[in-house]
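Respectively, the protein sequence lines represent chains A and B.
FYI, the working numbering numbers position 78 of the first sequence as 78, with every residue one higher than the one before it.
FYI, the working numbering numbers position 289 of the second sequence as 289, with every residue one higher than the one before it.
I should point out that these hints are in silico values taken from the structure, not numbers from a laboratory.
Where a beta carbon is used, it is the ideal one built from N, C-alpha and C, also for glycine.
A short, non-exhaustive set of chain A residues, derived as facing chain B with CB atoms under 8 Å: (1) Glu-198; (2) Val-210; (3) Ile-223; (4) Gly-229; (5) Ile-257; (6) Tyr-260; (7) Ser-261; (8) His-268; (9) Gln-306; (10) Thr-308; (11) Pro-309; (12) Val-317; (13) Pro-320; (14) Asp-323; (15) Val-324.
Subject to a maximum C-alpha distance of 20 Å in a straight line, what follows is the list of computed EDC-like cross-link-like pairs (lysine to aspartate or glutamate): (16) A/Lys-341 to A/Glu-352; (17) B/Lys-118 to B/Glu-107; (18) A/Lys-146 to A/Glu-187; (19) B/Lys-216 to A/Asp-312; (20) A/Lys-216 to B/Asp-312; (21) A/Lys-27 to B/Asp-312; (22) A/Lys-158 to A/Asp-238; (23) A/Lys-27 to A/Glu-11; (24) A/Lys-141 to A/Glu-131; (25) B/Lys-118 to B/Glu-76; (26) B/Lys-158 to B/Glu-187; (27) B/Lys-27 to A/Asp-312.
Protein chains: 2
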Amino acid sequence: MAQGGREVALEVFCWEKDHLLLLDQSKLPLEVDYIACCSHHDVAEAIREMRVRGAPAIGVAAAFGIALAAFKYSPESKDSLEDFLFEAAKVLKETRPTAVNLVWALERMLEVYQKRLKEKPLDEVRTGLLEAARQILADQKARDDKIASFGATLIPEKANILTYCNTGALATGGLGTALGVIVRAHEEGKRVHVYVPETRPVLQGARLTVWELREKGIPFTLITDNMAGYLFSRGEIDLVIVGADRIAANGDFANKIGTYSLAVLAFHHQRPFYVAAPVSTFDLGIASGEDIPIEMRNPDEVRMIQGTPITDSQCPVLNPAFDVTPHELVSGFITEKGVIKPPFESLASFLENPF
Amino acid sequence: MAQGGREVALEVFCWEKDHLLLLDQSKLPLEVDYIACCSHHDVAEAIREMRVRGAPAIGVAAAFGIALAAFKYSPESKDSLEDFLFEAAKVLKETRPTAVNLVWALERMLEVYQKRLKEKPLDEVRTGLLEAARQILADQKARDDKIASFGATLIPEKANILTYCNTGALATGGLGTALGVIVRAHEEGKRVHVYVPETRPVLQGARLTVWELREKGIPFTLITDNMAGYLFSRGEIDLVIVGADRIAANGDFANKIGTYSLAVLAFHHQRPFYVAAPVSTFDLGIASGEDIPIEMRNPDEVRMIQGTPITDSQCPVLNPAFDVTPHELVSGFITEKGVIKPPFESLASFLENPF
Chain A
1 MAQGGREVAL EVFCWEKDHL LLLDQSKLPL EVDYIACCSH HDVAEAIREM
51 RVRGAPAIGV AAAFGIALAA FKYSPESKDS LEDFLFEAAK VLKETRPTAV
101 NLVWALERML EVYQKRLKEK PLDEVRTGLL EAARQILADQ KARDDKIASF
151 GATLIPEKAN ILTYCNTGAL ATGGLGTALG VIVRAHEEGK RVHVYVPETR
201 PVLQGARLTV WELREKGIPF TLITDNMAGY LFSRGEIDLV IVGADRIAAN
251 GDFANKIGTY SLAVLAFHHQ RPFYVAAPVS TFDLGIASGE DIPIEMRNPD
301 EVRMIQGTPI TDSQCPVLNP AFDVTPHELV SGFITEKGVI KPPFESLASF
351 LENPF
Chain B
1 MAQGGREVAL EVFCWEKDHL LLLDQSKLPL EVDYIACCSH HDVAEAIREM
51 RVRGAPAIGV AAAFGIALAA FKYSPESKDS LEDFLFEAAK VLKETRPTAV
101 NLVWALERML EVYQKRLKEK PLDEVRTGLL EAARQILADQ KARDDKIASF
151 GATLIPEKAN ILTYCNTGAL ATGGLGTALG VIVRAHEEGK RVHVYVPETR
201 PVLQGARLTV WELREKGIPF TLITDNMAGY LFSRGEIDLV IVGADRIAAN
251 GDFANKIGTY SLAVLAFHHQ RPFYVAAPVS TFDLGIASGE DIPIEMRNPD
301 EVRMIQGTPI TDSQCPVLNP AFDVTPHELV SGFITEKGVI KPPFESLASF
351 LENPF
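Given the sequences, and given the hints that come with them, work out the whole structure.
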């Protein structure tokens, strides 16, 4: 599978009999490799180490993690299957605190178990949970497709687009969110060009987005994160489109560290700033961005780049994985239910009753 | 010398008999090494490859380059000494187009030659030019000292300061410009803390500024360049202070790529944004930032980090070494003649007649 052509290589999740093959994104683009996950612990580790990343993809991975737990469960265990599944969900939930799709996917899996599978024999629970995980992935692909079509209407001909991090096939298992919109605009013949910030510390832009854009034949230019201002000041950016890891009820949203700086630059230069994300990214239980927990990651991600030290090993470091952009800087949310433009007072009612 | 203690290690320029030992900043902080420059060509190469960098230090290096040319000149040459020196100045001037201190230092060296040494024997020209280069370095140290004292008056107690790139001893051969101000505030007991962006692509922040701050015992935190917005949004930055490579007559200025984004963030969050630079950085012959030439550097600086590839070797890349920040975003210029606050209409008259 790892030796396969481009279509196969871009498949993030492959189920084989009783285990999950997961594309190891930490090695891309220099190496295309899959890791075998035989338990929910393997999936949890892959999420923590960012071998799978991107808010929707983390949700899908976690869903497969619950299915794996059922396959792993032994009828001789002293724990009940239900306890075992809930414990697995807890382990998976604690891997990364910011993205809300993870919680959403786990809740959906447990709901499927409790409502439809609880009284069934183990074999049926296993296939039922596997089917539910596959459905979450299929739904994500369908959502990506709708996000792409709604979003592409916002992209002008020959637009120079600034995106950020990786929000493509690798981030969702489908077409992608923000990058999916760009791909659709390209497919529609809009002759877009994409500026790709490398996205330190983990370099998802330089490693993953560059790879996906080249596979799709979309023209792009890689920059370091600090070059975005230079491009804005020269009128080289027509619009910005990014993904999101969690969106609060007022429209404030968390996304990869560095997103906020791009939003301020877009605002300062009066350029549109769009956020593309499935409805599962909205957390209406959270009033504003202040309440979104921000994950702090290992300082070595900053001290080293792909394993090469760039400073001394004891250097004091800050390494927040995300920042929060206030809704005032957002020109619109692109969801599978349509585009939501400001003001965002009625986000909740839109999500329930889109036009 | 390379084995010496901290004081010696921080000496950027060491003259030995007939050649210059130059601290190789491209290897810091993992290795402290000096390279021997035996001709102006060696100095030009060191400047091009950023083994010596920082606008004032480039000026000093170029001045020593002219002295080296005189030492290298053979009386049997078919070229006159004057032609040889002017040719050397041309070679040195073409190394990097943005910093104006380079041009200023070369013009000063040629003026010394023409006004005071032209008719003298070769030996006296050599010692005269060496003396002039040493004087430029000594003057820079004196200027740094004054910049530091003027600038420190602007730093509040317990300030959290965001700086950028490296503007310390390594960038000038003296105390530094922006970093010199921070060092002076620290010496005055102001208990400052410094946020240091790594400064991609060449990582002067992570490699050089971190090293200097640790040597001086000043508390700091290393961040990636895209984390500055996060800090501003949380009220963690009290002020920004950066250096400059060229300042136009209206106050627009060029500095390391990424400076402009920090200026926009400071403006958006209503935080002071200061520029510390010697008067030799002002280019009053240039009306505005639009006329400052921006050096485009090797794309491999972006594609690789310290020699490690982060993306594929053919990836399309933009790599401007500098950006231009408009004067509207500047709270003040800290020079050896005092602090210039807005409006900057009378920059020229201030530089000639400071208070």
